[in-house]
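If you use full-length UniProt numbering, the sequence shown corresponds to residues 1 to 248, in order.
Certain hints may be false.
[Claimed, not checked] As a list, the in silico DSS-like pairs of lysine-lysine whose alpha-carbon atoms are at most 25 Å apart: (1) Lys137 <-> Lys92; (2) Lys137 <-> Lys240; (3) Lys240 <-> Lys194.
Hint data in this document are derived by calculation from the structure and do not stem from the laboratory.
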Amino acid sequence: MKNQDITVYLADDIDMNLGKAIAQVAHATGAAWLARMKPSQQESNHITLTLTPSARAALEQNLALAPKIVPVSQQELPTEEEQHIEIIDAGKTIFERPTKTCVAVSTVLGDALPDSQRLLFNDDVINYKQAFFINRKLITTLALSDQQIMSLFAKASLAIILEPVTDGRLNLNISEPLYQWITSAFGKTVVGTKKVSKLLEVSALLNEDHIHYRRVYFNDYCLGYCTQPIDAKVIHKYTKYKTFNLLS
């Protein structure tokens, strides 16, 4: 797989299922880029995030978009420091307490900004969530590794953040879903189905409701979708659609 200029070290000894791991790797990948976006202009309803020079160069060269996944024990995860973007799961679903799940590292993106210069967020709030829809039958048929699946969907998740970037700047209205999502718990829900017909139906439903999403491909095979942030109060309309279940 190309463009693996970012590495996510993932704890593989904490009973984390595939769906949770996909979400955590996507979280780490997105957070690594957000740690290189400095709030440079802010008005009452708008904010501009400016990529650091190294991150802008990486984006222009399509680097550090699809992470390399390195499974390690939790004890072997890189230690906390400013250049290591570590993810601590809140412990509200499969874990009983806050749990360190993974750490993202990238030299290609250059130095991460100090915490004081990054966009502020409140991880106690979940106003919006990103949805992942996965063709369970196809990933089994293609014999894709868990690491391949995580990397492909993390790249799609990141693309939702980077798509609006122009000239190294991300201009956001503070009321729009993307801003609300990246300044809260950055939540994600990962579901799967074995029925292609249901994937097509949920695709039609997303289109009908004008919800933007990206198709995730392996070669010419569509493995599923990754959406823009969806209001957490209504996301179940899509993620609990008919035969979709949380990916285990």
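**Message:** Please list, smallest to largest, the hint numbers that this structure does not respect.
**Reply:** 1
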